[in-house]
Each structure stands twice: as structure tokens, then as C-alpha cells.
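Each protein sequence line maps, in turn, to chains A and B.
The numbering used here puts the first sequence at residues 291 to 865.
The numbering used here puts the second sequence at residues 291 to 865.
The set of hints was computed from the structure by calculation and includes no laboratory data.
The reader is advised that the hints may include incorrect statements.
Since copy identity is lost for identical chains, a pair holds within one copy or between any two.
[Unchecked claim] Once the Cα atoms are required to be at most 30 Å apart in a straight line, the calculated DSS-like pairs of lysine-lysine come out as:
1) K335 / K303
2) K699 / K646
3) K637 / K344
4) K376 / K336
5) K580 / K704
6) K704 / K595
7) K865 / K839
8) K466 / K659
9) K450 / K542
10) K321 / K464
11) K411 / K542
12) K600 / K415
13) K376 / K464
14) K336 / K600
15) K803 / K303
16) K335 / K363
17) K303 / K699
18) K817 / K448
19) K415 / K595
20) K303 / K839
21) K637 / K799
22) K637 / K325
So you can see what is in the structure, the chains are spelled out below.
Protein chains: 2
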Amino acid sequence: MSQLNNNLVNMEKHHSSFENFVRTLPVPILKEFVKGSSLQAVGFKKSNQVLTTKDVAAITKEFPLSIEKSENKILVTDGVINIKGKRIAVLFSGGPASGGHNVVVGIKKALGEHNTLFATKAGPKGLLAGEFFEITDAMAASICNTGGFDFMGSDRTKIKSEEQFTQVKEVVTKHKIDTIIIVGGDDSNTNAAVLAELLAPLGVTVIGVPKTIDGDLQLGDLLPISFGFDTATKIYAEMVGNILQDTASSLKYWHFVKIMGRAASHVTLETSLQTRPAYTIISEEILEKKMSLAQVIDDIARVVKLRADKGINHGLVLIPEGFIEFIPEMQVLLTAMDEIMGHNLDKIVAMDITTKKEFIMSNLNAQTKALYQELPSNIQDMLLLERDSHGNLPLSQIPTETLVIEMVKARIAKLQETASKDSLFASYNFNALNHFFGYEGRCGAPTLFDAAYCLNLGLVAGSLALGGFTGYMAAITDLQNGGVAQAIPLTGLLNIERRHGQDEFVIEKALVKLNSPAFEFFVSRRKQWSENDCFTSPGPRQLMGPVAKMVPITVALNRNYENLTFDLGADTEVK
Amino acid sequence: MSQLNNNLVNMEKHHSSFENFVRTLPVPILKEFVKGSSLQAVGFKKSNQVLTTKDVAAITKEFPLSIEKSENKILVTDGVINIKGKRIAVLFSGGPASGGHNVVVGIKKALGEHNTLFATKAGPKGLLAGEFFEITDAMAASICNTGGFDFMGSDRTKIKSEEQFTQVKEVVTKHKIDTIIIVGGDDSNTNAAVLAELLAPLGVTVIGVPKTIDGDLQLGDLLPISFGFDTATKIYAEMVGNILQDTASSLKYWHFVKIMGRAASHVTLETSLQTRPAYTIISEEILEKKMSLAQVIDDIARVVKLRADKGINHGLVLIPEGFIEFIPEMQVLLTAMDEIMGHNLDKIVAMDITTKKEFIMSNLNAQTKALYQELPSNIQDMLLLERDSHGNLPLSQIPTETLVIEMVKARIAKLQETASKDSLFASYNFNALNHFFGYEGRCGAPTLFDAAYCLNLGLVAGSLALGGFTGYMAAITDLQNGGVAQAIPLTGLLNIERRHGQDEFVIEKALVKLNSPAFEFFVSRRKQWSENDCFTSPGPRQLMGPVAKMVPITVALNRNYENLTFDLGADTEVK
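The shape of chain A in the complex, shown without the other chains (with noise of 0.2 Å):
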């Protein structure tokens, strides 16, 4: 075999060209994290910054053990620790975001040679069933820098029943492991809190790190972003900035972008403040706006008209993946629908399509039907489908951006109806193209920012663990100036919601609140960015060179920066 066919077998399982590069590359730590040549662990204290949310009262009654230790009280760092023969656990829950690698290395990192490591498979599934491996110092620098969960694996399982809880009360017991570090997203922060207070009493710890790229799990200057945010923005921007490059080339197209994000529109705004397209929808305003579908059909519709009468065929819009579920009217439909069909399941069953959808709609009153009729008709069968364990219709099934194409199709269609004879409009020809970029996004090789953020996160992470703490979720804020190490108290965090009929408790989600800087700067550009091409294309994530080091715009006009570059330390290689 040639060298060139041996070199690519050699490429094969993570060793391309790339991943080879990216595991030496140099990354920024905090200089309190550095000791010569070699990274250390350090230790905690209380500041006197205690955190407090509407249901303290409730939560302390419920944490008492955790919130006694903690006082709710922020901790900084205090010197450098020299702790031996800790075993630690670290589990990933949840969908993958990038940087997660970075935050085991760090770990580890902070452990040192005198405490041992251990990997959970396949996360919480794999913790209940006391499934671990060994993390050494090969596996740390084989996986550093590189995206993806898949080096331990993760899983959706959430552990609440009193079967689970005594499940782990035995693996960590049989396991001798003295923290669970669980990196995880609102859910799994939860349950860090919940898991503290009941491994107490066992001498156990539990720290979280704050994971998802949907960006929900922010708290102000305290945790300005999640980890995975950064990468999953830029690979969308990169991919949106692509195809607006796309429309300007090839002058016919609209394109209709759905973006990944269960329900806030971070991601979505992040990735329209990248890019500069003709049009975004933000949930967060269609809700607090009260507009109703048509509205939004009608406002992107009159954008499109507006560029085709000057001759601008082209143009593209952002679509975050709650969208559907924000829209007050659907709402009120879909809650309709779901009793209807949860009260009449039996006659239902046996119906077919037509008979099922005229039963639905003799059922609605007449502002949801109309509603409903004015919905194309593929996404009218969708919404008939059955509903999931919980009664609930699997939205995500629902192709939210070929429904948005089909409605401004018929707007427009109507529009020129009545357009001028000699209009440009008049004689357009609406030409659109619909994608979903989401799966792309989790999994990347992290930027820059998400290396050096999740690597210092695991450092944290790794000192609380070594420190005693438990209930904290590991933090690093001031990301312009060197970085500042933290730890919340993840009660602070907590309030109690109803769901499902019974009290739970919750982080709140963070959703895109209208009078933050990101939001008003959007409303300040988006009138120029609709009427002409404005856009840019914020290019592929560089790794070295002056593009580097990024941190998200959101973050960076949220937390009022001068810019948008990062300072977390000198770089630094991670032997």
C-alpha cells in the first residue's frame, strides 16, 4: 500500500489532519488554574453575594442540607488545594454541546495524579447502572479540544423516582465515588441539586456544569452563556452566511432557515446578528407582541414584496424551532385540539383522516377553526397525529419552515392580485428553499472560546469536587478581562413549577427578554437589513490568527463589552 493510503488508514477513528492538530493546540487558562508548565487545582470560599429567587422560602424547606453549607452564597477562589485519593465520577446529560470533552480534561487536569477519574456510559442510564471506566491522561489529551459527547457517551434519563434515587445511593456507595460531576443543561443542574441534597447524608458531593447550546441556562454577569452556545451559533452563522452569499449569487432564491432551540430564541438571534439576513422571527415577541399567525406571514410577506419591487429577488429568513408553540392563537388551538382529542380518544381511533379532521373542527369554536383552515394542508394532518406519553403533539415534527413558505406563498399570491400592473412585484416569481440546521451544531469541534471555557470550567469543576463542595454548578465570568473563576449555589437557582399536575422543581429557563441590548440592537438594524443586502458572512470557526478569539455577540452587547473578543488567560498548552 502507498504512504498516501497508509497515512489515510491512520486517519481513521479521530486521527484526520485536524483532530491531530487541534489536540496540542494551546488554550486559555485562567492564570489561578497555572503552575509553571503544568495545571493545578485551587481552592473555594463564600463571598458575601447570596443568590435568592421568589420560591427561597419552599426551597429551603426542601434543601435544607445543602442550603445550611451553602447560605445560597456565591464562592470564589481562595488560594491553591493539594487534595489526595478523591474518586470522581463525570457524567454527560442531555444532547451533546461542544466543549464537553474539554470540560473532562479539565477535570482531570485539576485532579492531578493522586485522585482517580471515572467516565459514566452513556450518562444518568449509565450512572443508575454503575457502568465506569477509568479516565487516564492519554484518554484526557486524546479527546482534548475535539467535539461531541462520544467519548463516554450520553442520555436523556432523568433521575427522579425513589428506586433511582436509591440506585445511585448503592452505585456510589459500591463505587466509592465521592462526587458525581454532572454537565448537563436546566434539567440536569436540577437534579445535581436534588442528587447533593440526597447524597449528603453519605458524605457524597454533586457539582453541575452549566451545558446546552439552546442558551436558556444563563444568569447575567454570574453565567453570561452555557458552554456549546459559541460553536453551534458559528456553525449555523457560517452555514446561513453561506447561503445569503448563495442568494446574492444566484438572484432567485428565499430561503427559510429553521434554527435549532427547543424553545428560547438565543440561538436564533445569535445566529441573525452574525449573518444580517432580510428577516428573523423571535418567539419571545410574537408572545409578548400577542401577534397572531397571520401577522407574522403578513410582516414577511410585505418584506418580500418590498425587495422584489426593487428588484431584489433574493432574501432569507430565520426561524427558531419553538416558533409555533409562542404564537398565543396556536396555543389556544393546540390546547384545544389536545382535549378534543384527549376526550374522545376511543371515537378517534377508528376514524379516518377526513372524518377525524371534520370531527376536530365541529369541535372547535369558530376563531380556532378559522385558525385552523387557514393552515396548509399537510400541516392540518399533522397537528391531527397522536399525542405523545405526556398528551402532548410532537412539535418538532411539525416542518414549522415549510408551513412559514406555503403561508407566504398564498400571501403573496394574494398581494398580486391587487399589486400595480407595471410593479416589479406584480410579475415575481416567489422561488423558496427550506432547511433545518440543528444536529450539525452540537457535535463540532469547539471554538476557540468553548475550549478555553470549558476547560476552565473543568478546572472548576474539578476544584469544587477536590474542595468538598457539593450543590455548586461551576462558573467562569468576566470573559474580557483574564477570566473570573466561580461557583453558584444551584438552589439559589431553583423555583417550583406546576407540571403535569404536581410541583417540580426548576432553573427557569432563560428566554430572550425584549429590553435586553441584543434584542434592542436587532430592532434597531433590522428595517436596513430587510430592505437591502446587508449581510455577512461570519466564515468558518478559525482556531489561530486575529479571528480567534470570539466570543457571541449576544454576550458580548448583553454584558455590555467593548468588543467582541475574549481575554480568559494566557494560552497554554494542556499537558
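Based on these hints, arrange chain B on the given structure of chain A.
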């Protein structure tokens, strides 16, 4: 407004940090084009290498003026030239491809300050309308190393009627154009040959530049690849690599990814070699081995089962866009349906879909009818769609990826019926998602390879124009040894093909050859890739650092290179 807000506004219209960075990025330039700190045109002369095709006799009769001059001989460089006063127009033809802007920059640099370069607005349509604008040095600087064709736009107009030929003659005469440089694919370069012959009596010359992301415009060592292929495949490969990383992280999905590329599977093969997924369909193999659709589906289902039995519940299948058209039995079915529908247009118009389906089936023979009935019902419906103006079905509208998913799903259900009850496969839940990557890859920021390749192609094209040559395509060969500038006589590539009942000149599309080193290497590895996770994440395109200078893997294999690194001369600031 704050400093950051100001900066963000200033980024609009192609001034992202990335775009500002790439504009001044040094690019490798062949040594003969470098003169101190600036660039220069070179002369060309005939080599002894003559190109010939099977239809050379007929072509010689049709292109007497061109062939008399060129003798179908390859041109090689010959010193430097110093020409003044020429007026040259450049146009983009067909779908965009990354690097096009650098072709323009290269031409501009070859022309220097004593000749004039005009941009043609919106492709061949703009040429017919005489819509030109002069390209200044500042414009060239503003588009250097950026993606897309949006600097002047493109379209798909074919210049082939007598009326259009007259229009072109009038336009070049009126605007005193000395040369038209056509940047396009196989059709556009064929058109360039025709125009070269046509305009020869006017003393107007025509030069082609080989563009197409499809990679089907290539000719051994003479033309290793068309530009745009490298960037498109590296974009698709990054996305596919990200998703592969996701499959191994989430541990529950199969992803079916359709990849753009009208006919040939070069793009899919390259993406596969970059990422090593579990399964890759190569259309040319299906055709050559006369495989049925059922055989392909069976083979994918076999791999799904094999992995499920080992506890691997995830994987990824790559599907070339043109796949359906390459299945021999589907060709037969489609031709039969076209004929039935063509002969019964009046009857069919009035039929509803059920009647139409029954009518068609009653007219198919047993074999084609059986194949039709095997197809998922939504695909059956789609095949009943109206034919286009050429009587063809709009095949790109068929969602091949969901067709494959549905058929694999059905096949797996069948296999599970007879699977051993205690095998992992028996209880396996096949969970599939679909993607189509196309438009994302046509206009991305060029890789350093496409940036350099195109700049040098532009320097060749500009030099040929100044040198008074006509009917040549610019080429750069020897990509690993500093690069060699050449010119290929277009008439030496032409064949005659019967299309829609009449003879047409064509440059034959290069398909994937089953005896090529690239395909043979793929075949030697695919069993391993299907049985275990061997995937690789090639990562985002880097423009600096140790992994910036890479050629496509298929090119390196087929050209027998020792490694993946290119050498196209010294990095040079383009000023």
C-alpha cells in the same frame, strides 16, 4: 451608540471580522506570476501535447478557425508579456462555486493598470444585455478570498440561438470587448468553445475557467479538479463529521444525508473519504453493477442489522443527489412512465391521483409495476408529477433521502420478524433522521486550496486573454510541486452527443471510475467502516496553521500524490 454597537454596524455588508481578515490573507502564487511585491502576466506557447477525442474529425469540421490556430495543442508558459489597452469582460455562468471571486482578482492582477477589466452582471444574461461595469483595484481588494459569486451575480442562460449569437456580436462590438472570460462548468466551457469560433472573425477571443462543485469537470493530470469542489466537499465533510460525532454521542440515531451533485458521485465519494461513515452509496457503482433499488436497500439494512447486533444503534448513510437516476430499473420505470404520460396527456389531466395511479399501473409491464409498487406512497405520488418542458420529471424534487429511509425501515421490520428472539437486533428501534447538504457548500469562504487555485487560474486566464489566445481553458497542474500553468484547447475536449433529438457539442462529464485509485481505496476500507465506528471529523476549514494547505483526498489518490498537502508557490500578499 456604544463602541461595540458601532463596530457591529460597520460589519454589515461583508465586513465581519472574518471577511476583513481573509481579504489580506497571503495566498500561494506560482513563481512565474510573482514579480517583486506585485503580480504579472505571462506569455504562452504551444507544447507538443495534442488533445483528441473520439469525435475529433467532426469537431474539426465544426470549429475550423479555432483548430487551425490551436491544433488542439496544450499551451505552456513562455516568459513574461507586457500588453496594453485591452478591454476584457469576465462572467460567471451557472451555479456558484467558492473561489470565483479570486478568479476575478487573478485576472485583474494579470491585466495590471494598462488594461481594463469589466464585470458582466448576472451571467450570460448580462452579456446578452451588455450589462458591464468596470472592476477597480479597490473592488478586487474587496472580494479577494471571499466566497460566492455575488460580486457580479450569475445565471443559467445558455447562449445557443442564432438571435443570441447576433446579440453577443453586437454587444462585444459596441463595448469594444477584446476577450470574454467565461467562468463555468462543462456546458459553459462548451459554450465558450462555440463563442470562440463564432467571434474569431471579429478578432474577439474567448477563454474558459473550469468551475463546478460537482467535480465532474476534470481530466487526469491536465485538469486535476474544477474549482469549488474542495470548498464544497470540505463544508459537507465538516457537517457530516459533526453529525457522525453526534451519532456516537447520542447513541440512538441513523442519519441519512443527501449530498449535492447532479450526476457524478465525486462529491459524495470525497465526503465519504473525509469522514468514513457506515455506508456510502456511489451512483456509478449501482449503474455499473446493474443493482436494483431493492439490492441497495437490502445492503443498507444489512449494515444496520449488523451494527444493531453488536449494540451499535447509530450510523450514517451518504446518498448522492443523482442516485435515483443511476438505478437501471428506475431508469426503465421512469422512461416507461414518461411515455405513458406523454401519450395520454389529455386523459391524465382530468384524473384525480388515485385514478391516475391506477391508469399508469395498468399500462406498466409486470416488472416495472412491481418496482413502482415497492416505492413508498409519497414517492409513487411524486412520480406522477407533471413533466417539465423537456418531458422530464423534476428529479431533484424527489426526497431521495426519505425514500431510502422509508424503504430501509420497512426492510428492517421484515428482518426483525425472523431475527433470533434474544438478539439485540430483535428489539432494536430504528430511528432515522434526514438531511440535504447543497446550497451551504456553493458559496462558503474558499479553502486556502480554492483561494490559491482560483487566483492562479485567474492569472492564467488573464495572461491568455492578453496574449490573444482563444478557445482555451485555463489550467493549473502539478499541485504538489509548485504548480504548472497551462491552457487546454477547448475543442480538444469536445464530443458530439444526441440530446433531445439533435446533435450537440459536449464536454463529457467525468464520472467516478470504478477502477480509479480513489474508488478502489474506498472499497478497500468500507467494510471496516460499516462494522465499527471508524469515523473522522475533518473540522472547519482553517486558513492558517498546519492544516490549511490540503487538497481533496480523491485528487491526491487519483493523482498518486504522497500526501494531502498542496504546493502552489510561495504565500504572497495580493496587492
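So, going through the hints one by one against the coordinates:
For the homomeric pair K335 and K303, neither the shortest alpha-carbon distance inside one copy (43 Å) nor that between copies (48 Å) is at most 30 Å. Taking identical chains as interchangeable, the C-alpha atoms of K699 and K646 lie at most 30 Å apart whether they share a chain (27 Å) or sit on different chains (27 Å). When the C-alpha separation of K637 and K344 is checked against a cutoff of 30 Å, the pair qualifies neither within a copy, at 44 Å, nor between copies, at 71 Å. In the homo-oligomer, the alpha carbons of K376 and K336 lie at most 30 Å apart inside one protomer (22 Å), although the nearest pairing across protomers, at 76 Å, exceeds that limit.
Taking identical chains as interchangeable, the C-alpha atoms of K580 and K704 lie at most 30 Å apart only when both belong to the same chain, with a minimum of 24 Å there against 49 Å between chains. In this homomeric assembly, K704 and K595 come within 30 Å of each other (Cα to Cα) only inside a single copy, at 11 Å, whereas the closest approach across copies is 51 Å. Taking the shortest Cα distances, K865 and K839 sit within 30 Å of each other both inside one copy (21 Å) and across copies (27 Å). Neither within a single protomer nor between protomers do K466 and K659 lie at most 30 Å apart by alpha-carbon distance, with minima of 60 Å and 65 Å respectively.
Proximity of K450 and K542 under a CA criterion of 30 Å is satisfied inter-copy only: 22 Å between copies versus 53 Å inside one chain copy. Within a single copy, K321 and K464 get their C-alpha atoms no closer than 37 Å, and across copies no closer than 69 Å, so neither meets the 30 Å cut-off. For the homomeric pair K411 and K542, the shortest alpha-carbon distance between copies (14 Å) is at most 30 Å, but the shortest distance inside one copy (49 Å) is not. Proximity of K600 and K415 under a CA criterion of 30 Å is satisfied inter-copy only: 19 Å between copies versus 57 Å inside one chain copy.
Taking CA atoms no more than 30 Å apart as the test, K376 paired with K464 passes inside one copy only; the shortest distance there is 15 Å, against 84 Å between copies. For a Cα distance limit of 30 Å, the shortest separation of K336 from K600 qualifies neither inside one copy, at 61 Å, nor across copies, at 50 Å. When the C-alpha separation of K803 and K303 is checked against a cutoff of 30 Å, the pair qualifies only between copies, where the shortest distance is 27 Å, while the shortest distance within a copy is 43 Å. Proximity of K335 and K363 under a CA criterion of 30 Å is satisfied intra-copy only: 9 Å inside one chain copy versus 80 Å between copies.
Taking the shortest Cα distances, K303 and K699 sit within 30 Å of each other only across copies (28 Å), while inside one copy they are farther apart (46 Å). Within a single copy, K817 and K448 get their C-alpha atoms no closer than 44 Å, and across copies no closer than 37 Å, so neither meets the 30 Å cut-off. Taking the closest pair of Cα atoms, K415 and K595 come within 30 Å of each other only across two copies (24 Å); inside a single copy the shortest separation is 52 Å, beyond that limit. Both within a single protomer and between protomers do K303 and K839 lie at most 30 Å apart by alpha-carbon distance, with minima of 28 Å and 22 Å respectively.
Taking the shortest alpha-carbon separations for K637 and K799, neither the intra-copy value of 38 Å nor the inter-copy value of 58 Å comes in at or below 30 Å. For the homomeric pair K637 and K325, neither the shortest alpha-carbon distance inside one copy (71 Å) nor that between copies (84 Å) is at most 30 Å.
In summary, the structure is inconsistent with hints 1, 3, 8, 10, 14, 18, 21 and 22 from the numbered list given earlier, while agreeing with the others.
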